[in-house]
Amino acid sequence: MGLSYHAFINRRQTMRAAPYAGNPVDQLQQKHVRALVAKESPSPATANRVLRLLHQLCHHAIELGWIDTDPTNGVRRIAAKSKGIHPWTDSEIASYESHWATGTRPRIALALLLFTGQRRSDVVRMGPSDVWHGGRVHQQKTGAALIIPLHEDLKREIDAAPAGKTFLMTDRGQPYSVNGFYNSFVNWAKEAG
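Per the UniProt record's numbering, the very first residue in the sequence shown carries number 1; after that it's consecutive.
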């Protein structure tokens, strides 16, 4: 499991506080699973992660012989009501670039996202060691090693950026967490208009 998934598991204090949380796994019933998923339903992604985690735990309990059936079977995932991520227009990109100077965190963040096509979980880990004969990236989610051509605009941003372990460092000199980067990028975009 990835780091973000471990963080998710650690935040699931609500599961520990549930009235049936201390019960043996063989007493877990579908109604308990539904209650946990319903408790997280305002956030479909979180509710579905809870369901997936419970399914993995129940599958493991079956392998250990603790239970015979999986109480998560038949519990439906929560449908996400989303229009998806808004693709930026050329004018939105131009507005963002005119607001933020070359070499700033917001500018290099946009360049990394635009010219590598990587997820934010990969962008926050990119650093000078990833620029090698045109660029290479090791994807966190898939584990794939990719060769990505180094676009001249991205090279200009990298060259102008302050040196660090990663290209995107917080004010404290630490690499961004995935969620911290997301929140900062949203704020940078709002500030740019």
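Some hints could be false.
Lysine-lysine pairs mimicking DSS-like chemistry, simulated, CA-CA at most 27 Å apart [stated by the list, open to error]:
| # | residue 1 | residue 2 |
| --- | --- | --- |
| 1 | LYS165 | LYS81 |
| 2 | LYS155 | LYS83 |
| 3 | LYS31 | LYS83 |
| 4 | LYS190 | LYS155 |
| 5 | LYS155 | LYS165 |
| 6 | LYS83 | LYS165 |
| 7 | LYS39 | LYS83 |
Source of the hints: derived by calculation from the structure; they are not laboratory data.
Okay, the hints, checked on the actual structure:
1. LYS165 - LYS81: Roughly 38 Å separates the two Cα atoms, so the pair is violated.
2. LYS155 - LYS83: It is violated: about 33 Å lies between the C-alpha atoms, which goes past 27 Å.
3. LYS31 - LYS83: violated (31 Å)
4. LYS190 - LYS155: holds (25 Å)
5. LYS155 - LYS165: Distance ~17 Å between LYS155 and LYS165 Cα, so the pair holds.
6. LYS83 - LYS165: Outside the cut-off at roughly 36 Å; violated.
7. LYS39 - LYS83: Judged against 27 Å, a Cα distance of about 23 Å means the pair holds.
Hints 1, 2, 3 and 6 from the list above are not met by this structure, while the remaining hints are.
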